[in-house]
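**Q** If you read the sequences in order, they're chains A and B. Just so we're aligned, residue 1 is where the first sequence starts under the numbering used here, counting upward by one. Just so we're aligned, residue 1 is where the second sequence starts under the numbering used here, counting upward by one.
Honestly, the hints are just simulated from the structure, not real lab data. Fair warning: this is a prediction, and the values are worked out from it, not measured in the lab. Watch out, some of these pointers could steer you wrong.
Copies of one chain are not kept apart here, so a pair can be met inside one copy or by any two copies together.
Unchecked claim - Here are the simulated DSS-like pairs of lysine-lysine, each with C-alpha atoms no more than 25 angstroms apart in a straight line:
| hint | residue 1 | residue 2 |
| --- | --- | --- |
| 1 | Lys-451 | Lys-435 |
| 2 | Lys-331 | Lys-210 |
| 3 | Lys-64 | Lys-91 |
| 4 | Lys-258 | Lys-53 |
| 5 | Lys-40 | Lys-456 |
| 6 | Lys-338 | Lys-236 |
| 7 | Lys-216 | Lys-435 |
| 8 | Lys-331 | Lys-254 |
Protein chains: 2
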Amino acid sequence: MSTIINALKSNLPEGAILTGESLKERYYHIWKMGEPLRAKAYLLPRSTEEVSKICSICFEHNQKVIVFGGLTNLVGSTETEGDEIIISMEKLNQIEELDDRSRTMTVQSGVILQKIHEVANAKDLMFPLNFGARGTAQIGGCIATNAGGLRVLKFGMTRAQILGLEVVLMDGTVLSSMKKIIKDNSAYDLKQLFIGSEGTLGIITKAVLKLREAPKARSSAFLGFNHYEKVVDFLKYIDRGMGGSLSGFEVIWKDSYKVMTGPDSSRKPVLDYSYKYYVLVESLGADHELEHSKLQNLIEKTIEEGRAEDAVLAHSEADLEWFWTIREDVKVLAEQTKFDQHFDVSVPINRMGSYVDSVLEKLQASEDVHNAYAFGHLADGNVHFIVAKHNSSDELRLWINDIVYSPLEEMGGSVSAEHGIGLHKKEYLKLCRTKEEIDTMKMLKRNFDPKGLLNKGKVLDV
Amino acid sequence: MSTIINALKSNLPEGAILTGESLKERYYHIWKMGEPLRAKAYLLPRSTEEVSKICSICFEHNQKVIVFGGLTNLVGSTETEGDEIIISMEKLNQIEELDDRSRTMTVQSGVILQKIHEVANAKDLMFPLNFGARGTAQIGGCIATNAGGLRVLKFGMTRAQILGLEVVLMDGTVLSSMKKIIKDNSAYDLKQLFIGSEGTLGIITKAVLKLREAPKARSSAFLGFNHYEKVVDFLKYIDRGMGGSLSGFEVIWKDSYKVMTGPDSSRKPVLDYSYKYYVLVESLGADHELEHSKLQNLIEKTIEEGRAEDAVLAHSEADLEWFWTIREDVKVLAEQTKFDQHFDVSVPINRMGSYVDSVLEKLQASEDVHNAYAFGHLADGNVHFIVAKHNSSDELRLWINDIVYSPLEEMGGSVSAEHGIGLHKKEYLKLCRTKEEIDTMKMLKRNFDPKGLLNKGKVLDV
Chain A
1 MSTIINALKS
11 NLPEGAILTG
21 ESLKERYYHI
31 WKMGEPLRAK
41 AYLLPRSTEE
51 VSKICSICFE
61 HNQKVIVFGG
71 LTNLVGSTET
81 EGDEIIISME
91 KLNQIEELDD
101 RSRTMTVQSG
111 VILQKIHEVA
121 NAKDLMFPLN
131 FGARGTAQIG
141 GCIATNAGGL
151 RVLKFGMTRA
161 QILGLEVVLM
171 DGTVLSSMKK
181 IIKDNSAYDL
191 KQLFIGSEGT
201 LGIITKAVLK
211 LREAPKARSS
221 AFLGFNHYEK
231 VVDFLKYIDR
241 GMGGSLSGFE
251 VIWKDSYKVM
261 TGPDSSRKPV
271 LDYSYKYYVL
281 VESLGADHEL
291 EHSKLQNLIE
301 KTIEEGRAED
311 AVLAHSEADL
321 EWFWTIREDV
331 KVLAEQTKFD
341 QHFDVSVPIN
351 RMGSYVDSVL
361 EKLQASEDVH
371 NAYAFGHLAD
381 GNVHFIVAKH
391 NSSDELRLWI
401 NDIVYSPLEE
411 MGGSVSAEHG
421 IGLHKKEYLK
431 LCRTKEEIDT
441 MKMLKRNFDP
451 KGLLNKGKVL
461 DV
Chain B
1 MSTIINALKS
11 NLPEGAILTG
21 ESLKERYYHI
31 WKMGEPLRAK
41 AYLLPRSTEE
51 VSKICSICFE
61 HNQKVIVFGG
71 LTNLVGSTET
81 EGDEIIISME
91 KLNQIEELDD
101 RSRTMTVQSG
111 VILQKIHEVA
121 NAKDLMFPLN
131 FGARGTAQIG
141 GCIATNAGGL
151 RVLKFGMTRA
161 QILGLEVVLM
171 DGTVLSSMKK
181 IIKDNSAYDL
191 KQLFIGSEGT
201 LGIITKAVLK
211 LREAPKARSS
221 AFLGFNHYEK
231 VVDFLKYIDR
241 GMGGSLSGFE
251 VIWKDSYKVM
261 TGPDSSRKPV
271 LDYSYKYYVL
281 VESLGADHEL
291 EHSKLQNLIE
301 KTIEEGRAED
311 AVLAHSEADL
321 EWFWTIREDV
331 KVLAEQTKFD
341 QHFDVSVPIN
351 RMGSYVDSVL
361 EKLQASEDVH
371 NAYAFGHLAD
381 GNVHFIVAKH
391 NSSDELRLWI
401 NDIVYSPLEE
411 MGGSVSAEHG
421 IGLHKKEYLK
431 LCRTKEEIDT
441 MKMLKRNFDP
451 KGLLNKGKVL
461 DV
């Protein structure tokens with residue numbers, strides 16, 4: 001047995017290290033669950049101290065490590081090559097405290113997002129971060145990737161929900177700032193560096209989450225538009241009119257909507273297929289009557305004044321469920337063909353309409369593309385594409401990447417609004433970051449991880 | 001004339017550099033305007049390129065620089081020793097774009113905060129950052145110090161309002177990411193490092209600000225309480241009840257309130273002096289009738305249910321003005337004696353009541369202290385103290401510091417909620433940051449400013 005495995009075995013409790021035969025039981029491999037897991041060992045620490053011990057040992061032995069959270073990322077961040085040691089956070093899964101007076105929750109990084117929702121809700125509090133994979137995603141991964149999701153418009157990205165953070169550096173140093181305070185301008189806010197750095201600068205072991213009072217009322221409407229300018233006008237109109245309670249403003253382009261409510265889906269359409277853009281708005285508030293009538297009045301005026309072509313208000317919990325599952329279940333788009341390619345780009349809101357038109361038109365002109373589907377968080381300037389294609393050739397993949405990514409540089413957009421860079425988008429980073437920025441990032445990576453052992457090859461090549 | 005001054009003169013336009021006699025015209029010195037400005041030269045760049053040129057020349061000549069914004073900081077951040085060159089941002093004062101569709105404003109760093117408010121408001125938009133010194137503070141300084149202020153509860157600190165940032169490093173490198181997009185997870189979010197680092201890592205030259213639709217309705221109430229627990233209960237009650245429109249929750253302790261509404265002030269009291277805590281709440285919304293009646297109903301219930309001792313609702317613009325100028329004009333507290341000492345600390349909300357009681361009691365027991373005044377942003381866990389004292393001895397100053405700061409470590413508080421560390425709080429940083437954190441900060445400082453020339457001696461001693 002290798003020296004490093006021996007060193008780990010003698011420093012970790014029984015059961016915390018899987019190797020050889022026991023490793024084969026774990027067929028984790030993101031999006032390819034049928035393949036065996038390739039790694040030297042799979043570690044299951046239960047405390048910050050164990051993570052720190054593992055890191056010191058690996059640092060001393062020049063051993064590469066990969067950190068596993070809930071494996072829900074979409075950019076290849078947890079792919080292994082076989083010579084890594086995997087540190088899984090799944091046993092670091094305790095909620096250490098819920099303080100309903102300070103409105104904070106102190107958690108270990110392996111806690112599942114949905115569990116956080118449930119525990120907060122039981123105290124009439126809310127943790128606003130929310131997305132489809134909430135039943136699997138771990139909070140440590142959400143923080144490491146600065147996850148976005150469905151309510152960024154009102155509550156911000158994960159970054160805005162984090163008060164305290166504990167991180168283990170590759171040499172075993174523990175950087176801990178687990179404070180329950182909302183404002184802290186005591187020198188550099190180090191946690192900001194780790195949030196969104198995809199585990200390449202340090203390993204998140206704990207966090208203090210900011211909670212909000214749980215909203216008691218949720219209202220929604222579904223609208224149809226034929227002109228992008230009118231969609232943006234309506235965003236401004238409804239946001240101003242709702243006075244800060246607008247929490248969602250999702251747009252689904254026509255072809256996506258047809259599939260999401262068509263024969264391959266279990267959902268019937270809310271509006272017919274006459275429109276180019278389908279907009280789903282949500283507001284969160286305290287009083288159902290009041291929020292609902294506020295939204296109803298605005299929607300009635302919207303139609304009267306010709307601001308939208310058509311609109312339907314959700315009148316029941318069942319309607320809310322119907323409207324939102326249409327938007328949330330995007331799997332049906334990916335299932336249109338055997339092969340699919342996903343995008344998550346940001347563009348300034350005022351330029352999104354023409355950009356999406358142009359991308360869809362170019363992709364639809366290819367014989368290798370079945371169709372291209374667009375939908376997204378318009379209020380955040382974030383559009384997702386799912387391209388359903390007929391083959392998985394590298395040539396086609398790169399051609400599609402080029403069509404989606406190449407306009408972004410001139411527009412001041414981003415190749416990743418919320419999914420991150422991981423392994424798959426590294427070569428496109430230069431379209432949205434300058435040489436000086438990338439050099440600065442590399443300087444940071446070299447200082448935090450001087451031997452280049454932590455999630456090597458992800459985000460940056462140093 | 002020295003080499004460095006010659007080098008600067010030959011690289012900058014006429015009028016951009018003041019030295020010798022022309023320097024004497026400038027009697028800037030924070031809080032001591034009567035003293036002459038001590039510096040080798042005072043530079044007035046008008047572009048990022050000029051700032052970059054200045055930095056390269058100073059870097060080459062090992063010349064220390066100090067950056068001047070609006071000079072409204074409270075922690076000695078712009079004090080000079082005489083051998084520095086001052087870079088003033090006052091001529092970098094252009095608003096480059098207001099995009100009312102993407103809801104962004106692109107500004108140079110010398111633009112005054114109040115100007116930003118005015119320009120946004122003219123387009124029915126709002127930049128939510130707001131505090132007393134808005135007529136003097138420059139946006140670059142607000143960003144460099146991650147300023148807080150009166151509406152953090154609803155909108156977050158300055159950090160939450162910044163989409164893009166341009167920074168010049170000490171060697172002249174320009175790090176520019178002036179994007180108008182709301183979500184950008186394309187590798188490390190470098191701007192977060194500069195926000196709140198008080199100008200010690202780089203010089204902010206431009207920013208893209210996130211704007212919001214301007215609220216049309218503002219409501220307020222003034223309440224009296226005798227028990228801290230009830231204040232926290234009421235925060236939760238009103239926040240939940242208002243459904244997200246609560247934008248301010250300020251607390252004034254009794255002795256502060258008596259001075260702020262007493263004979264030395266031009267404001268009459270809203271409530272009499274029977275209570276221990278005076279709470280001022282604000283909500284922002286779209287519809288005045290609706291917001292006002294929502295707040296009125298909750299305040300009526302609050303009194304009926306014995307949640308507060310007494311309450312008064314603002315019924316007019318004049319009432320709003322009256323309530324809020326009581327809170328905003330804290331000068332009257334500092335003017336109670338010749339000498340005063342200011343504090344800005346964070347503590348977890350559930351521990352603030354007993355902490356403030358204990359600090360006030362200890363300070364009031366001293367013969368050298370006239371009185372100690374507490375007020376603050378309770379919903380943010382942020383309390384300010386102004387200590388009115390009879391002498392300016394170092395001994396008294398350090399004794400007072402000790403009483404305010406020493407309990408913070410055990411409570412997980414911060415010596416600076418929003419004002420920063422600057423020169424005055426450096427020695428107390430260790431009470432709220434671990435050795436590992438401070439070592440990491442120093443590593444960052446050494447990498448961004450290897451010669452230690454930029455705002456030397458501020459925040460950290462490297």
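**Q** For every hint, state whether the structure bears it out.
**A** Here's how the hints hold up against the structure:
1. Lys-451 - Lys-435: both (23 angstroms within a copy, 23 angstroms between copies)
2. Lys-331 - Lys-210: neither (31 angstroms within a copy, 33 angstroms between copies)
3. Lys-64 - Lys-91: within (21 angstroms within a copy, 50 angstroms between copies)
4. Lys-258 - Lys-53: Classified as neither: same-chain Cα gap 53 angstroms, cross-chain 56 angstroms, threshold 25 angstroms.
5. Lys-40 - Lys-456: Within. Shortest intra-copy distance 15 angstroms satisfies the 25 angstroms Cα cut-off; inter-copy 47 angstroms does not.
6. Lys-338 - Lys-236: So Lys-338 and Lys-236 fail the 25 angstroms test inside a copy (39 angstroms) and across (51 angstroms) alike.
7. Lys-216 - Lys-435: neither (48 angstroms within a copy, 44 angstroms between copies)
8. Lys-331 - Lys-254: The answer is within: 16 angstroms in one copy meets 25 angstroms, while 59 angstroms across copies does not.
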